[in-house]
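Residue numbers (my numbering): 2 to 147.
It is worth saying that the hints were derived from the structure and are not from the lab.
There is no bait here: all hints are sound.
Calculated pairs, SDA-like style, for lysine to any residue (alpha carbon to alpha carbon, straight line, at most 20 Å): (1) 56 - 25; (2) 54 - 91; (3) 56 - 19; (4) 56 - 67; (5) 54 - 16; (6) 54 - 15; (7) 95 - 65; (8) 54 - 11.
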Amino acid sequence: MVFANASPISTEETFEYDVRDEHRIVVLLRGQAEELARDLQTRALRAATIGVKIKRADFTVVGRQTSVVVPTNAAHEIYAAALHCWQRSEMAGKPIRLLGTRVATLTEGAARELSLFGEGTNASAAGAAFDGDFPEAARALGPTSI
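Kindly generate the complete structure, drawing on both the sequences and the hints.
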């Protein structure tokens, strides 16, 4: 269930001096992802949208976001998406004043696995269809081949 009125969760760091160091930025993105993951896990939530906010040295703001196929509360997935957004921002090597990471489109509960065979079907039903269409292959491969 997606919460229509659930507020995004974010964390950000303002630098005393402009930062250009890519290593420092990547380490900060990882830390922010870990913080957001803990917060989501504590609240039993998952996020489908992950983004970054970047304030340039001239105080203009750049934002990039992406959506994940399956909502997540895993730090490594949040980090990967945030790093992707950072790279898309084309800010590497340019001075920045603030870096933030945000999660949104929040859902409650366990991750939902996507079905290879579509909604409402399962591997057994698909196997039965396979058996009917290709009886020789079904006999050769056995009933658990799919």
